[in-house]
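Build the full structure now, drawing on both the sequences and the hints.
Sequence order for the protein chains is E and L.
At position 284 of the first sequence the residue is numbered 284 (this note's numbering), and the sequence of numbers has no breaks.
At position 69 of the second sequence the residue is numbered 69 (this note's numbering), and the sequence of numbers has no breaks.
Bear in mind the hints are in silico, worked out from the structure with no lab data behind them.
A quick note: this is a predicted structure, and the numbers were derived from the prediction, not measured.
Among these hints, one or two may not hold up.
[What the hints assert, rightly or not] Some chain L residues close to chain E (C-beta under 8 Å, calculated; not the full set):
1) Asp-19
2) Glu-20
3) Val-22
4) Met-24
5) Ser-37
6) Asp-66
7) Leu-70
8) Thr-72
9) Val-78
10) His-82
Built from N, CA and C at the ideal position, the CB exists for glycine as well.
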Amino acid sequence: MPHAAPKASAPPQELHPALVLMERETRVHTGSVPRALGGFAVEPGQHFLHGDEFLLHTAAGIGFLYRRGAGIAVETPTGTDPRDVALWLAGSVHAAVAALNGFYPLHASAIAHEGRVHAFTGAAGAGKSTLVAALGQRGFVQFADDTLLLDLSGPNSDGSGPPLCLPGHKRLKLWPEALALAGVEGRGEVADDYPKQFVDPPIEIGTGACTEPLPLGELIFLEAGDAPCIEMLAGGERIARLQDDHYTAQLWLAAARPDRAARFAGLAQLAGRIAMRRFVRPFDPTRFGEGVAAMAAHIQKGTST
Amino acid sequence: MTAAVAKNPARFVETVIDDEVVVMQLDSGDFFSLSGSARAIWEAIDGTRDEAAICAALAGQFCDADRAGLATDVAGFVARLHAADLLAA
Chain E
1 MPHAAPKASA PPQELHPALV LMERETRVHT GSVPRALGGF AVEPGQHFLH GDEFLLHTAA
61 GIGFLYRRGA GIAVETPTGT DPRDVALWLA GSVHAAVAAL NGFYPLHASA IAHEGRVHAF
121 TGAAGAGKST LVAALGQRGF VQFADDTLLL DLSGPNSDGS GPPLCLPGHK RLKLWPEALA
181 LAGVEGRGEV ADDYPKQFVD PPIEIGTGAC TEPLPLGELI FLEAGDAPCI EMLAGGERIA
241 RLQDDHYTAQ LWLAAARPDR AARFAGLAQL AGRIAMRRFV RPFDPTRFGE GVAAMAAHIQ
301 KGTST
Chain L
1 MTAAVAKNPA RFVETVIDDE VVVMQLDSGD FFSLSGSARA IWEAIDGTRD EAAICAALAG
61 QFCDADRAGL ATDVAGFVAR LHAADLLAA
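So, in structure tokens, the structure goes:
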């Protein structure tokens, strides 16, 4: 009986070096976590970044210590809810690890479309995750939630061109009222004292584009207003808008420690590489679909360059 | 001739993005976005020209109507730059 010819298997795809680095650096182990770093005591509810290390103690008593090259040590008191640990690992700790390894953590949620990332940023409550969830219902691939890591060195060797975005956490976190708005189902509370609900992406993780770094097509600032519009940002406003006071930006500043002039030069260079727009839409639940439809049409038009 | 108007480069950094010059005052962190006539005046400040010479250098760039108010615009803009500590004393 003839043997069936072995199926040709595709060679394993090599992970992008940035992903290899983040995978290596975010390895978690249990261990003792000190109360101080660099001579500074870190009280419950505080974090501190010093040199190549990041120390965080949550108000609930969970301790995290990241040291470059050594991964993340976690120390938990008895009875700790593992969801709490996961939440911190995916949030502040993840952003700190990224910042200490030269990535720029942008406070944004994002989708991918035709090989480019469309990122949405705005203050807490601006609707980043809700919009991404709603776009996911329309078939767009979710790329990251809340924190989008940028590799500023690429894609060209001279650092020109749009920065590369690293695919991030895709389990969105939505307030209960946002679930209905986006037309998605909650998959359980994020934590007992944080009643947002997890939402799984409608498109399976592991399918093509959302697992590989992709260039940032555009950064869209979410704003509330009566008349929906999507407008290009230009000039100094592009630099000013990148001045973010979110904790992710603060962690990057603490890691990179640029002086004002260097910070300005960095923001100006980044602004010059990114297409930026403002997306104004009514913050009225009855008109939510109108805004989603406008954004979906905008992305499909491919106006990211 | 009155005193030349000179920038104080130790107090700011600047860049060009799109059609604007963006200046950041290093002490305050304040941004100044300069376009149109403000950009033209800023770029005409070279440390050798006084206000009258700046007006003369810019006169050719503006129509008659704008030229009439140029001296006032330059004086006002230079005063604002002084207030922001972007010019040498």
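Each hint tested on the structure:
1. Look at Asp-19 (chain L): its Cβ gets to within about 7 Å of chain E, closer than 8 Å, so that hint holds up.
2. About 4 Å separates the beta-carbon of Glu-20 (chain L) from the nearest beta-carbon of chain E, less than 8 Å, and the hint is met.
3. For Val-22 (chain L), the interface hint holds, since its Cβ comes within 8 Å of a Cβ in chain E; the closest pair sits about 4 Å apart.
4. The interface hint given for Met-24 (chain L) is met, as the beta carbon of that residue sits about 5 Å from the closest beta carbon of chain E, less than 8 Å.
5. The closest approach between the C-beta of Ser-37 (chain L) and any C-beta of chain E is roughly 15 Å, which is over the 8 Å cut-off, so the hint fails.
6. A hinted interface residue such as Asp-66 (chain L) counts as satisfied when its beta carbon comes closer than 8 Å to some beta carbon of chain E; here the least separation is about 21 Å, so the hint is violated.
7. Hint on Leu-70 (chain L) is violated. Least Cβ distance to chain E is approximately 23 Å, over the 8 Å limit.
8. Checking Thr-72 (chain L) against chain E by beta carbon gives a least distance of about 24 Å; that is not within 8 Å, so the hint is violated.
9. The restraint placing Val-78 (chain L) at the interface with chain E is violated, with a minimum CB-CB distance near 20 Å, outside the 8 Å limit.
10. Taking 8 Å as the C-beta contact cut-off toward chain E, the hint placing His-82 (chain L) at the interface is violated, the least distance being around 21 Å.
The structure is inconsistent with the numbered hints 5, 6, 7, 8, 9, 10, although it conforms to all the rest.
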